[in-house]
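Visitor: Residue numbers (the numbering used here), protein chains in the order written: chain A, 1 to 126; chain B, 1 to 126; chain C, 1 to 408; chain D, 1 to 408.
Do not rely on the hints blindly, as some may be mistaken.
What the hints assert, rightly or not - Below, in silico cross-link-like pairs of lysine-lysine (DSS-like), each with a Cα-Cα straight-line distance of 25 Å or less: (1) A:Lys107 / D:Lys260; (2) D:Lys260 / C:Lys137; (3) D:Lys22 / C:Lys137; (4) A:Lys117 / A:Lys54; (5) D:Lys137 / C:Lys137.
To be verified - Quick look at which bits of chain C chain D covers, simulated, 3 or more residues with Cβ under 8 Å: (6) 18–31; (7) 142–154; (8) 313–324.
In short, the hints are calculated from the structure, not lab data.
We put the CB at the ideal spot given by N, CA and C, even for glycine.
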Amino acid sequence: MGDLYREQMLEHYHEPQNYGVLADAEVDVHLDNPTCGDTIHLTAQLDTEGRIAKVMFEGHGCVISMASASMLTEAVLGKTPQEVAALELHDIEDMMGGLRLSMGRVKCALLSVNALKKGLKERGRL
Amino acid sequence: MGDLYREQMLEHYHEPQNYGVLADAEVDVHLDNPTCGDTIHLTAQLDTEGRIAKVMFEGHGCVISMASASMLTEAVLGKTPQEVAALELHDIEDMMGGLRLSMGRVKCALLSVNALKKGLKERGRL
Amino acid sequence: MGWNAVDIRREFPIFSHPVNGKRLVFLDSAASAQKPQAVLDAIASVYTTSYANVHRGLYSLAEAATERYEAAREKIAHFVGATDPEELIYVRNATEALNLVAYSWGRQNIHAGDRIVITEMEHHSNLVPWMALAREKEAELAYLPVNDAGELDLAALPPLLADGRTRVVAFTLMSNVLGTIPPAQELVAMAHQAGAVVVVDGAQAVPHLPVNVEALGADFLAFSAHKLGGPGIGALWGRRAILEAMPPFLYGGDMILSVKKHTATWNDLPYKFEAGTPAIAEAVGFGAAVDFLTALGMEEVHQHEQALVAYALERLPEVPGLHILGPTHGQRGGAVSFWLEGIHPHDIASVLDAEGVCIRAGLHCAEPLHARFGLPASARASFYVYNTIDDVDALVAGLGRVIALLRR
Amino acid sequence: MGWNAVDIRREFPIFSHPVNGKRLVFLDSAASAQKPQAVLDAIASVYTTSYANVHRGLYSLAEAATERYEAAREKIAHFVGATDPEELIYVRNATEALNLVAYSWGRQNIHAGDRIVITEMEHHSNLVPWMALAREKEAELAYLPVNDAGELDLAALPPLLADGRTRVVAFTLMSNVLGTIPPAQELVAMAHQAGAVVVVDGAQAVPHLPVNVEALGADFLAFSAHKLGGPGIGALWGRRAILEAMPPFLYGGDMILSVKKHTATWNDLPYKFEAGTPAIAEAVGFGAAVDFLTALGMEEVHQHEQALVAYALERLPEVPGLHILGPTHGQRGGAVSFWLEGIHPHDIASVLDAEGVCIRAGLHCAEPLHARFGLPASARASFYVYNTIDDVDALVAGLGRVIALLRR
Ligand SMILES: Cc1ncc(COP(=O)(O)O)c(C=O)c1O
Ligand SMILES: Cc1ncc(COP(=O)(O)O)c(C=O)c1O
Chain A
1 MGDLYREQML
11 EHYHEPQNYG
21 VLADAEVDVH
31 LDNPTCGDTI
41 HLTAQLDTEG
51 RIAKVMFEGH
61 GCVISMASAS
71 MLTEAVLGKT
81 PQEVAALELH
91 DIEDMMGGLR
101 LSMGRVKCAL
111 LSVNALKKGL
121 KERGRL
Chain B
1 MGDLYREQML
11 EHYHEPQNYG
21 VLADAEVDVH
31 LDNPTCGDTI
41 HLTAQLDTEG
51 RIAKVMFEGH
61 GCVISMASAS
71 MLTEAVLGKT
81 PQEVAALELH
91 DIEDMMGGLR
101 LSMGRVKCAL
111 LSVNALKKGL
121 KERGRL
Chain C
1 MGWNAVDIRR
11 EFPIFSHPVN
21 GKRLVFLDSA
31 ASAQKPQAVL
41 DAIASVYTTS
51 YANVHRGLYS
61 LAEAATERYE
71 AAREKIAHFV
81 GATDPEELIY
91 VRNATEALNL
101 VAYSWGRQNI
111 HAGDRIVITE
121 MEHHSNLVPW
131 MALAREKEAE
141 LAYLPVNDAG
151 ELDLAALPPL
161 LADGRTRVVA
171 FTLMSNVLGT
181 IPPAQELVAM
191 AHQAGAVVVV
201 DGAQAVPHLP
211 VNVEALGADF
221 LAFSAHKLGG
231 PGIGALWGRR
241 AILEAMPPFL
251 YGGDMILSVK
261 KHTATWNDLP
271 YKFEAGTPAI
281 AEAVGFGAAV
291 DFLTALGMEE
301 VHQHEQALVA
311 YALERLPEVP
321 GLHILGPTHG
331 QRGGAVSFWL
341 EGIHPHDIAS
351 VLDAEGVCIR
361 AGLHCAEPLH
371 ARFGLPASAR
381 ASFYVYNTID
391 DVDALVAGLG
401 RVIALLRR
Chain D
1 MGWNAVDIRR
11 EFPIFSHPVN
21 GKRLVFLDSA
31 ASAQKPQAVL
41 DAIASVYTTS
51 YANVHRGLYS
61 LAEAATERYE
71 AAREKIAHFV
81 GATDPEELIY
91 VRNATEALNL
101 VAYSWGRQNI
111 HAGDRIVITE
121 MEHHSNLVPW
131 MALAREKEAE
141 LAYLPVNDAG
151 ELDLAALPPL
161 LADGRTRVVA
171 FTLMSNVLGT
181 IPPAQELVAM
191 AHQAGAVVVV
201 DGAQAVPHLP
211 VNVEALGADF
221 LAFSAHKLGG
231 PGIGALWGRR
241 AILEAMPPFL
251 YGGDMILSVK
261 KHTATWNDLP
271 YKFEAGTPAI
281 AEAVGFGAAV
291 DFLTALGMEE
301 VHQHEQALVA
311 YALERLPEVP
321 GLHILGPTHG
331 QRGGAVSFWL
341 EGIHPHDIAS
351 VLDAEGVCIR
361 AGLHCAEPLH
371 ARFGLPASAR
381 ASFYVYNTID
391 DVDALVAGLG
401 RVIALLRR
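The whole structure should be built from the sequences, with the hints applied where relevant.
Guide: Structural data, given as structure tokens:
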């Protein structure tokens, strides 16, 4: 577990970046992970070129789901929806500093990125 | 197997006693054992006191089923239907000279006695 | 008492291997128990000395396999107080046993407008099969509620039985989340008086308590070998008259008497419900697990766990912000679920793992029960014959680390 | 070829024990195969180093168990040529796999007046589930006939497909009685062209031949671990699109995504069809058996058996009054059934047993096929990787004893 709870993860968990709700956001999506009760409410704004300009999240969950959401709000800035759609587990693991997740924690780490993909799809951006 | 194919068994198998059909018999019954294809046609006559006076059988089957049928036609002479009904596996095993049957062969050994019980029941003798 | 959990633990080979460099503190036996060497030996001995397909063979090896397979059935039947081993059917697990009842008995006996009563503390395996049956048959699925203390609200049962529409009452003999042991005999008596069939989920109770189907009075009892130290197999006990009146569940080899092209007749109990080649060595391993527990004594197993639970219920509240689910005193099973303010159960489990302490986190296959308590998930420590007071201490110490790391 | 059955036999511990004072000549592998030491070791190693319930645990032990359980799935899927391991579902045995299809796919897709086509050479496990389904749905059950040589009469299929009422064609990839290997790709193509789903019973073929679901083109393949040297577990492979459209079969833990009091949603493949705690160590043992066979090479396994069958077909006719069932030349599986004039198959098996020779006698769960040949029962010798020419000689010599003892 040493890895899972390394300093960087705990910092994002205890002091999440971009925590809250973006007013009048184009993307506004709820997603949860029923098997463990993690929930996320993610809002995002795109710029005039259609790139991600700002992302905020609110939610409850474990260190992995919350820290990864916090990191994601920074990592996707400037990306196109297609680039977001292409993000896979290993990208998220890299984003978290090269963590290797066990099968039981994969869903936690993917919650926020899946929420963002879902929200972009709902708005016809994907 | 030594036991199963001892001399006494083989004699009854090769030269069955009371093989054939008793004409105008009160008891006249067919029974088979679908899992192995053994079949028996058993006929029997009761005397004025209601005791078994004569039994004959015809059929196809393994050494156990045929030899036990042959032995049964002798062993039940003079018995009442109630006495026949009371015959259990160990009685049949004793009749066959104290054989101990494995689970897979029990049905073979009981074919003829079950046929006789069924036939007596059909005639209201049980 | 002569109970010595440290000695007992030595009989379970897994405890001789450290986990993450630490002594293994296994507190997830409610999910699945570790296996004693005697069970491994029994399985290996089948494969090395007496393996062949059962029932159908007419040679010594097949007879030896059949005898061991049937001897295990007899042991397992007696272990739950059944006098007739033919009432005991081998299945894969408790889940399959409950599905067997819902499919075979249920589809024949449940009709539109009938009611099926279960409880709010059921495991999904004693819940979803009934939900599916209710949906197929347009029957009603009703829940006996659980109160805040984690006990069944018995007063809610008579109104559910009063109109004569309830055909079956299904409940667990021990909650896998709350540890609650419901007043089973009372429930059975009430259900039977209303003409309902009673299905008991013994998955948690059978490994941990003396269970006797005659004393219990229920009509079916489902349980799994893997939760009592056996391999991947389970059993359904049912009353002969009911089993005989039921249609088969799975169709195929061994469960038939005779097959023609368009008709078939069924074999006698228990084979009518055992289609195809059974899990032979697994059945023998199941019997060996039952022997192991019988030698310990099920009353003693229960006493041992009661002592561990009492100690855990005393020590856990020392952890700041820890809340226990379910009864905190009286008779209860060896599963203790809890939650920590502000910390997700997943993180509790992960941090404890680094200390060698294995607990379970999540919904424990009891989502409606968690909804009842307004919890998205919980953590659970559960005990078995090999656990000791030291294991509880390791848990409490580990929870200290969890808080140090994750709470601000 | 480097095949050495005597060396291979040494890897199976059961052959180091004499039977009735004689060398064990095991000729009943079509019923169930013996287990190599590698399989016993794999099972024991799960229980001694990495046992816990799978999927639900968040600790190292559970992760290790889950990894081994899923790695085995991947191996087994690849063993039958499936590229997507999520299309492979663990079940108890081939029988349960076929019932799963008949219950889940069948009850959703078969309606009154539809036709189900099977063959006269099916094992009861690929026959009675369809009979039960046909009865429930008032569908028609039709049989593709077997000719006197023991081959399927393919010309009878087009008329059964012509009216568009046939929804499913189910057949065995190798007869457990006749050894017949039907022209599977042709059957699949014809069935698919008529819009029927194809269910293949691979219980006999998968242990003995290279089987590749992609080349085969079928929609489902059922098989058992115990017939290929593994423990009491089995598998169903199915096409993703079909599996996804099917409702669940067994309901309970692990097969759900979320459960509310009156609704539930299902988990993804393969878990949707794996309710309750699976047979974990058994799955790993299944994987080890597949590794063992893969190392031998399935093409080599088949060649080895072909050679034994050819030798048996040459020597058996030396026995006076012996009649062989099924094809006597060409490609065929390693099961050779026969009957002896005037001698009941039970007696053949019992007398051979005294010589250490294990064969099977009876209907081999194929009663309609025996009716087709007018036989009340037959005897069967079947071969596997550990059998040798010597075993065939022992059989022939034993049959001499049978005749000396029982024929006058
Ligand atoms: C052709 C065939 N199909 C199905 C089965 C059933 O397999 P199992 O008994 O493992 O379910 C068998 C074996 O008995 C078989 O030979
Ligand atoms: C109360 C209860 N019922 C049923 C089950 C299902 O048991 P299995 O997964 O062995 O089928 C469990 C265990 O998971 C349980 O705790």
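Visitor: Hint by hint, say whether it matches the structure.
Guide: Results for each hint:
Restraint check: the Cα-Cα separation between Lys107 (chain A) and Lys260 (chain D) comes to about 21 Å, which is no more than 25 Å; the hinted pair holds. With a C-alpha separation of about 19 Å, the suggested pairing of Lys260 (chain D) with Lys137 (chain C) holds against the 25 Å cut-off. Among the hinted pairs, Lys22 (chain D) with Lys137 (chain C) is inconsistent with the structure: their alpha-carbon atoms are about 59 Å apart, more than 25 Å. Among the hinted pairs, Lys117 (chain A) with Lys54 (chain A) is consistent with the structure: their alpha-carbon atoms are about 14 Å apart, no more than 25 Å.
A hinted pair counts as satisfied when its Cα atoms are at most 25 Å apart, and Lys137 (chain D) with Lys137 (chain C) qualifies at roughly 16 Å. Interface restraint, the region 18–31 of chain C with chain D: holds (6 residues with C-beta to C-beta distance below 8 Å; minimum three). Only when three residues or more bring their CB closer than 8 Å to a CB of chain D does the claim for the region 142–154 of chain C stand; here the count is 1, and the claim is violated. A count of 0 residues in the region 313–324 of chain C with a Cβ less than 8 Å from any Cβ of chain D is obtained; the coverage claim is therefore unmet, three being the minimum.
When the structure is compared with the earlier hints, violations turn up for hints 3, 7, 8 and for no others.
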